[in-house]
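4 protein chains.
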Amino acid sequence: MTHTIREKTKLLARVRRIRGQVDAIERALQSEAGCEQVMHIIAAVHGATASLMAEVVEDHIRCHLVDAEKHPGALDVEAADQLVDIVRTYMR
Amino acid sequence: MTHTIREKTKLLARVRRIRGQVDAIERALQSEAGCEQVMHIIAAVHGATASLMAEVVEDHIRCHLVDAEKHPGALDVEAADQLVDIVRTYMR
Amino acid sequence: MTHTIREKTKLLARVRRIRGQVDAIERALQSEAGCEQVMHIIAAVHGATASLMAEVVEDHIRCHLVDAEKHPGALDVEAADQLVDIVRTYMR
Amino acid sequence: MTHTIREKTKLLARVRRIRGQVDAIERALQSEAGCEQVMHIIAAVHGATASLMAEVVEDHIRCHLVDAEKHPGALDVEAADQLVDIVRTYMR
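Protein chains in written order, with the numbering used here: chain A, 1 to 92; chain B, 1 to 92; chain C, 1 to 92; chain D, 1 to 92.
Derived by calculation from the structure, the hints in this document are not laboratory data.
Quick caveat, the model's predicted, so the values are computed rather than measured.
Careful: at least some of the hints might be erroneous.
Note: identical chains are not told apart, hence a pair may lie in one copy or across any two.
[To be verified] In silico DMTMM-like links for lysine to aspartate or glutamate, alpha-carbon gap of 25 Å or less:
1) 10 <-> 32
2) 8 <-> 36
3) 8 <-> 32
4) 8 <-> 67
5) 70 <-> 59
6) 10 <-> 23
7) 70 <-> 26
8) 70 <-> 58
9) 10 <-> 36
10) 70 <-> 36
11) 8 <-> 69
12) 70 <-> 23
13) 8 <-> 55
14) 8 <-> 81
15) 70 <-> 7
16) 70 <-> 32
17) 8 <-> 23
18) 10 <-> 67
19) 8 <-> 59
Make the full structure from the sequences, and use the hints.
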């Protein structure tokens, strides 16, 4: 099963932002930047990766657990919302 | 929706183990145990809490996202397995 | 090396709050509360445990890495502050 | 304060491996790979970022908290080892 174009564009933008941050870690190390700066950029990448994961997991929960064409209305939207909410809070 | 008795018993056993570990943190602090020991017990509680969460989330995914009586076979078991697998790996 | 009385009192208060939350998980499971409520209390315990860890680690960094009586002024306070800052941001 | 050349080379190799993994997420999204594959690569990046952070934090603890030239022997090596051990276990 594939992602919709809209989701794919949004996810790719997130991935490119993460790559920009990874490049910033490399530059900070190369230029002998202080440990503090390096640690802050790594923390940012770690957080951004968790947000990307939460996004993909949300997509998986909403779109891939039930084939909506074959089983319309089978996904309990409230239970799915609760799960997405926990994933967003917890996966940071 | 409620948990089955079997699941409930298993989850309660996990919760009680966590309470035992929390009591151990208190005793370690009271008895002026070294920082190292305190930090290790806290790390154990943190890990045990993450495992408990993974268990409840797995239960939620398998049992509550689709009402199996009303919509038998609607939950894509493979997609659910993949999600459970990620939850278990990631929520540590 | 031991914690000061002031720190110990504060840490014990945190541990007791965590035990109260663990008891709340048990009650929620016993009373067949919804998955959502159970998941939220577990997320709270997980967060509180991470905060407790950050507190103990901070204490360890500031008080135990250098014996201030034998080596006064040896701990680089700015470098210690940076580490504490990262620990607080990251250990959530 | 700066990292030694040896550390810097090792850290840069880790950063480049992470960038390779970020590129793999992009390719997986572009080629409409399954959610599962995308989630596994994101989990790998998240783990690799945590390991990189643990490495930089360890370096900071061992080399930057005490100026070893001005205060030789002031860093309590056992306390530093304990902290590094917790950081490695916990920051995953």
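Structure-based check of all given hints:
1. 10 <-> 32: between (34 Å within a copy, 14 Å between copies)
2. 8 <-> 36: between (34 Å within a copy, 15 Å between copies)
3. 8 <-> 32: Between. Shortest inter-copy distance 9 Å satisfies the 25 Å Cα cut-off; intra-copy 36 Å does not.
4. 8 <-> 67: within (19 Å within a copy, 30 Å between copies)
5. 70 <-> 59: Result: close both inside a copy and across copies, 18 Å intra and 24 Å inter.
6. 10 <-> 23: both (20 Å within a copy, 16 Å between copies)
7. 70 <-> 26: neither (48 Å within a copy, 30 Å between copies)
8. 70 <-> 58: Result: close both inside a copy and across copies, 21 Å intra and 24 Å inter.
9. 10 <-> 36: Between. Shortest inter-copy distance 18 Å satisfies the 25 Å Cα cut-off; intra-copy 30 Å does not.
10. 70 <-> 36: between (53 Å within a copy, 21 Å between copies)
11. 8 <-> 69: Answer is within: at 21 Å inside a copy they meet the 25 Å cutoff, but 34 Å across does not.
12. 70 <-> 23: Neither, since 44 Å and 35 Å both go past 25 Å.
13. 8 <-> 55: Only inside one copy: residue 8 and residue 55 sit 11 Å apart there, 30 Å across copies, limit 25 Å.
14. 8 <-> 81: both (21 Å within a copy, 23 Å between copies)
15. 70 <-> 7: within (22 Å within a copy, 30 Å between copies)
16. 70 <-> 32: Between. Shortest inter-copy distance 22 Å satisfies the 25 Å Cα cut-off; intra-copy 57 Å does not.
17. 8 <-> 23: The answer is both: 22 Å in one copy and 15 Å across copies each meet 25 Å.
18. 10 <-> 67: Classified as within: same-chain Cα gap 23 Å, cross-chain 32 Å, threshold 25 Å.
19. 8 <-> 59: within (10 Å within a copy, 29 Å between copies)
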